[in-house]
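Here the protein sequences come in this chain order: A and B.
Counting from 1 along the first sequence, just add 5 to a position and that's the residue number in the working numbering.
Counting from 1 along the second sequence, just add 5 to a position and that's the residue number in the working numbering.
Take these hints with a grain of salt, some might be off.
Identical chains blur together in the list; that is why a pair holds if it fits in one copy or across any two.
Computed cross-link-like contacts, SDA-like style, restricted to lysine to any residue with a CA-CA straight-line distance of at most 20 Å [what the hints assert, rightly or not]:
no., residue 1, residue 2
1, K133, G55
2, K133, S43
3, K214, P89
4, K121, A171
5, K133, F114
6, K127, F114
7, K121, A135
8, K133, H38
9, K133, N52
10, K127, T62
11, K133, L118
12, K133, Q40
13, K133, Y24
14, K133, V115
15, K127, D63
16, K121, T39
17, K127, A30
18, K133, A187
19, K133, T37
Hints listed in this document are in silico derivations from the structure and should not be mistaken for laboratory results.
There are 2 protein chains.
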Amino acid sequence: MDLYFSPLACSMATRIVFYEAGAEARFIEVDTHTQRTSDGVDFRAVNPLGMVPVLRTDEGALIRENVAVLQYVADAYPDAGLAPRGRLERARLQQWIAFTNTELHKAAFVPLLDPKAPEGAKAYALEKSARPLAVLDEHLRDREFLLDAFSVADAYLATILNWTVAAPVPLAQWPAVSAYLARMRARPATARAMAEETPLYLREQARRKAEARQLPV
Amino acid sequence: MDLYFSPLACSMATRIVFYEAGAEARFIEVDTHTQRTSDGVDFRAVNPLGMVPVLRTDEGALIRENVAVLQYVADAYPDAGLAPRGRLERARLQQWIAFTNTELHKAAFVPLLDPKAPEGAKAYALEKSARPLAVLDEHLRDREFLLDAFSVADAYLATILNWTVAAPVPLAQWPAVSAYLARMRARPATARAMAEETPLYLREQARRKAEARQLPV
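In isolation and in its complexed conformation, chain A is listed as follows:
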């Protein structure tokens, strides 16, 4: 499978899932500002929304949205047990992926991390993130993972919580969430994904800075 990703973006969740499954994939880097991919293609032809992740299956089908991509990859490696198969447990998995997707990723972090978002949008996002983070803290108080065992929902949540440093969201207010993030980061698959994507992120930032200097003011 091919995974279109941007360094340290939400697409890192799927990279973590591949590594947790002991599987490999072809990773194609996307600069979401220029919409160019590392193999020289206009990314909008792959995803008109211009967003990562996009997965290309072995049959050539394109799938986007973390909710879909994470479960598709988990189900491709059932022996790794990264997505429960029972109806109720699968619903719970989807519930936590959706929670991360909407309350944290979309409602909070997109405006907080967007340099073009107006102050009103950032203040609103920060205010709206407090309740979901409190609910998450309560849920994680006596749990190691979102469900009974590590799942793709944890790979996604850890990837998003990772952004609290840059946003910045004062995670220390939610000690169970902070401790959870530290635990997830210590897992070999997450550590490997971060070690691989961090230099790519720094290179991307340096390239963007250099390009900005060359633009007429």
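Model the placement of chain B on the given structure of chain A, informed by the hints.
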């Protein structure tokens, strides 16, 4: 099954799914302002996030988030064919539910419909909704449904697009989306759900207005 809902909120998607399946459920109304349910319970005990929908399964388990609830109900009535079962087609279903959930529902309509959201948040939301709506318009140009046949993703998308009148989002710019919404509203299950929830919505609004008048200024 029991469905906790608020009139004309995103929970209407699940009511539509029950009706499309020819099934019934117990519908429990929630006032999300007061967090009281029509059976006299504090809704935060049901969902600490205070949001509908919440589904109580026949076994008494609580499931929240549309992504999870819609698929759970569809899979409870497999003969109705409201959620494809093949791996790739299920991924596509999840992709469109997630798109509706994040790009439209959470990123656009929550700030646009929230009287407490600052102007900056509303302007940002409206600006960010243009690209997803254009992508959706392109997708629906020669299609009757999001997938090959009617699915729970359509029940959800129609419910959310219904809010464009109140938001207001000028849907006429996207003629394929406008025509799709008209088609979905004409389906008997959607028409029945709207006919049942509209008077409840008007009653809720009247009650809130009356309560606001009684508050000290």
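Now the hints, each set against the structure:
Taking CA atoms no more than 20 Å apart as the test, K133 paired with G55 passes between copies only; the shortest distance there is 13 Å, against 26 Å inside one copy. With identical chains, the CA atoms of K133 and S43 are never at most 20 Å apart, being 36 Å at best within one copy and 26 Å at best between copies. Taking the shortest Cα distances, K214 and P89 never come within 20 Å of each other, neither inside one copy (43 Å) nor across copies (46 Å). In this assembly of identical chains, K121 and A171 lie within 20 Å of each other by CA distance solely inside one copy; the values are 15 Å within and 26 Å between copies.
Taking the shortest alpha-carbon separations for K133 and F114, both the intra-copy value of 11 Å and the inter-copy value of 14 Å come in at or below 20 Å. With identical chains, the CA atoms of K127 and F114 are at most 20 Å apart both within one copy (9 Å) and between copies (16 Å). With identical chains, the CA atoms of K121 and A135 are at most 20 Å apart between copies only, with a shortest distance of 16 Å across copies and 22 Å within one. Proximity of K133 and H38 under a CA criterion of 20 Å is satisfied inter-copy only: 15 Å between copies versus 27 Å inside one chain copy.
In the homo-oligomer, the alpha carbons of K133 and N52 lie at most 20 Å apart only across protomers (16 Å), although the nearest pairing inside one protomer, at 29 Å, exceeds that limit. For the identical chains of this complex, K127 and T62 are neighbours neither inside a copy (36 Å) nor across copies (37 Å), given an alpha-carbon limit of 20 Å. For the homomeric pair K133 and L118, the shortest alpha-carbon distances inside one copy (15 Å) and between copies (14 Å) are both at most 20 Å. For the identical chains of this complex, K133 and Q40 are inter-copy neighbours only, at 17 Å across copies versus 30 Å inside a copy, given an alpha-carbon limit of 20 Å.
Taking the shortest Cα distances, K133 and Y24 never come within 20 Å of each other, neither inside one copy (33 Å) nor across copies (33 Å). Taking the shortest alpha-carbon separations for K133 and V115, both the intra-copy value of 13 Å and the inter-copy value of 11 Å come in at or below 20 Å. Taking CA atoms no more than 20 Å apart as the test, K127 paired with D63 passes in neither setting, with 40 Å inside one copy and 41 Å between copies. In this homomeric assembly, K121 and T39 come within 20 Å of each other (Cα to Cα) only inside a single copy, at 16 Å, whereas the closest approach across copies is 35 Å.
Taking the shortest Cα distances, K127 and A30 never come within 20 Å of each other, neither inside one copy (36 Å) nor across copies (40 Å). With identical chains, the CA atoms of K133 and A187 are never at most 20 Å apart, being 24 Å at best within one copy and 33 Å at best between copies. Taking identical chains as interchangeable, the C-alpha atoms of K133 and T37 lie at most 20 Å apart only when they sit on different chains, with a minimum of 15 Å there against 26 Å within one chain.
Comparing the model with each numbered hint stated earlier shows that hints 2, 3, 10, 13, 15, 17, 18 do not hold.
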